[in-house]
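Visitor: Listed below, chain by chain, are the residues.
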Amino acid sequence: MLWVTTTFIIEVGVAVRLDVLPRVTCPNHPDAILVEDYRAGDMICPECGLVVGDRVIDVGSEWRTFSNDKATKDPSRVGDSQNPLLSDGDLTTMIGKGTGAASFDEFGNSKYQNRRTMSSSDRAMMNAFKEITTMADRINLPRNIVDRTNNLFKQVYEQKSLKGRANDAIASACLYIACRQEGVPRTFKEICAVSRISKKEIGRCFKLILKALETSVDLITTGDFMSRFCSNLGLPKQVQMAATHIARKAVELDLVPGRSPISVAAAAIYMASQASAEKRTQKEIGDIAGVADVTIRQSYRLIYPRAPDLFPADFKFDTPVDKLPQL
Amino acid sequence: MDQNNSLPPYAQGLASPQGAMTPGIPIFSPMMPYGTGLTPQPVQSTSSLSILEEQQRQQQQQQQQQQQQQQQQQQQQAAQQSTSQQATQGTSGQTPQLFHSQTLTTAPLPGTTPLYPSPMTPMTPITPATPASESSGIVPQLQNIVSTVNLGCKLDLKTIALRARNAEYNPKRFAAVIMRIREPRTTALIFSSGKMVCTGAKSEEQSRLAARKYARVVQKLGFPAKFLDFKIQNMVGSCDVKFPIRLEGLVLTHQQFSSYEPELFPGLIYRMIKPRIVLLIFVSGKVVLTGAKVRAEIYEAFENIYPILKGFRKTT
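Respectively, the protein sequence lines represent chains A and B.
Be aware that the first sequence starts at 1, since it is given in full-length UniProt numbering, and climbs by one per residue.
Be aware that the second sequence starts at 1, since it is given in full-length UniProt numbering, and climbs by one per residue.
No wet-lab data here; the hints were simulated from the structure.
Don't be surprised by glycine CBs; every beta carbon is placed ideally from N, CA and C.
Heads up, some of the hints might be wrong.
For each label pair, taking beta carbons as the anchor points, the in silico distance ranges come out as [stated by the list, open to error]:
| # | chain 1 | residue 1 | chain 2 | residue 2 | range |
| --- | --- | --- | --- | --- | --- |
| 1 | B | Gly137 | A | Val184 | 40 to 48 Å |
| 2 | B | Thr253 | A | Ile139 | 27 to 35 Å |
| 3 | B | Ile138 | A | Asp137 | 50 to 58 Å |
| 4 | A | Lys207 | B | Asp240 | 43 to 51 Å |
| 5 | B | Phe265 | A | His29 | 41 to 49 Å |
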């Protein structure tokens with residue numbers, strides 16, 4: 001007789017509410033945060049040294065796995081850390097592919113087909129989170145922006161006021177808002193470049209979300225984009241600082257009323273780069289900033305007359321101010 | 001403020017029926033407080049508005065009284081003794097076609113009870129106007145009126161398109177006949193259900209006249225067209241405050257009403273709540289007002305926004 005063993009890997013997710021767990025505290029210092037000593041499984045009060053918890057269960061990971069490990073088998077038996085905060089109560093069971101011979105029935109199909117629909121109510125939300133992560137990855141956004149975007153999306157999704165709109169459009173708009181809220185705004189065109197949604201639709205969803213969540217965002221300024229545009233163009237720090245100064249002075253002196261800050265920034269970069277050794281054409285700057293080169297030309301014409309006042313005092317001119325190109 | 005007797009000297013010359021024809025007339029026309037036979041209007045809360053705005057509104061009301069034609073009901077005029085100085089929304093909806101800029105009827109209408117009451121008529125107390133808050137003296141000009149009317153019968157768009165002049169009909173693109181007339185210069189969308197949308201007129205009367213012309217065209221083509229439920233759906237006005245505006249400052253202080261995204265649109269979109277009007281405010285000082293159902297809403301909205309804009313005037 002042959003005993004055939006088959007292994008199914010079954011993942012069970014359990015949502016745990018952290019705030020109602022019984023919390024151990026030192027009897028003398030109820031406010032002190034206990035320090036964990038993992039070797040003995042103790043929890044020690046830092047104020048008086050009393051060992052409060054004894055032999056508590058270690059909730060850290062069971063195995064340390066490294067990315068360069070060739071082992072295809074992940075020995076961890078608890079799986080990925082789910083995201084109960086966002087995925088709204090993750091009590092699901094998923095059945096993985098069988099590995100042994102008895103996991104297949106007579107036709108070669110696997111018994112226990114497919115992982116059952118997991119959390120169908122939040123399938124759309126999980127999809128959106130995946131999309132957000134993909135978009136953010138394309139422009140190398142840090143994790144905090146992605147987290148903020150996820151939170152915004154969850155709030156909008158739960159509110160249901162924008163239910164008819166495409167989830168991707170809402171996700172793109174949330175990404176835009178998150179970048180703005182973190183103080184590192186991305187232009188609509190930059191978000192457009194990593195999303196399949198048109199700028200018009202992202203703009204519409206943006207306004208709708210601000211209204212639905214009753215928040216507002218700060219106005220964009222020219223300085224927010226300088227470091228990104230200049231490094232994409234390969235301009236040295238001196239030129240970047242000069243361009244920042246030029247743009248700021250131009251706005252202060254109100255030389256460019258009604259012009260979008262992106263256009264003013266692009267024109268300032270053009271002026272600074274043309275005055276330095278690292279010259280860039282309007283077309284190149286237009287490509288990076290997402291503005292048309294005629295727009296740069298228009299804004300440049302407005303700031304050109306006051307060019308000597310706009311440069312910082314300590315700027316080293318490769319091309320003197322009077323030799324700057326006049327368009 | 002003098003309640004009953006002599007008008008302030010600067011307004012003596014204005015105490016006449018034709019003193020106020022357009023809302024832009026110099027504001028100090030205290031004939032208004034004397035209750036020139038105003039119809040009791042549906043009360044709107046005017047406590048937040050300045051007296052001069054009230055006076056302006058009353059000027060408009062007076063305009064209506066003077067220009068009323070016989071179709072105005074006698075009962076309403078009989079009840080005009082009360083000197084309530086409330087908003088005009090009620091009557092202005094009835095007589096949109098009376099805002100002629102040219103014709104002035106100065107004679108008192110037959111059947112009206114005396115418009116200029118004795119000093120005995122009770123007056124509602126008016127909050128004294130702060131002398132600094134002048135009304136702007138700028139009148140928004142109407143640029144576009146959109147109105148709808150029901151012709152009351154089903155129409156065959158193909159025959160209309162074939163037989164009428166200046167009509168285009170492309171059912172694959174849009175399910176209505178687009179007809180244009182030259183005087184007043186307007187465009188109409190005529191649907192097969194018999195409903196019609198008329199756009200492009202510059203005044204309420206012109207819009208009604210144009211809609212009637214279109215209805216007559218349809219009638220001449222053989223359909224039993226009527227003219228039911230003419231209603232003005234939207235009015236657009238524009239004006240210039242003549243000074244540049246700091247939009248960044250405005251969006252900071254009026255965050256819950258304003259939306260300013262230079263990447264999306266160069267103007268600031270201000271959604272006023274009290275008359276529900278959307279204003280597009282530009283750096284140059286030009287202002288576009290839209291979303292009004294009656295002319296008075298546009299004027300009121302502009303009078304509301306003007307002091308705010310003055311506060312954000314660019315100093316350089």
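Visitor: Against each hint, give a clear statement of whether it holds in the structure.
Guide: Hints and how they fare:
no.	hint	result
1	Gly137(B) to Val184(A): 40 to 48 Å	holds (46 Å)
2	Thr253(B) to Ile139(A): 27 to 35 Å	holds (33 Å)
3	Ile138(B) to Asp137(A): 50 to 58 Å	holds (53 Å)
4	Lys207(A) to Asp240(B): 43 to 51 Å	violated (27 Å)
5	Phe265(B) to His29(A): 41 to 49 Å	violated (58 Å)
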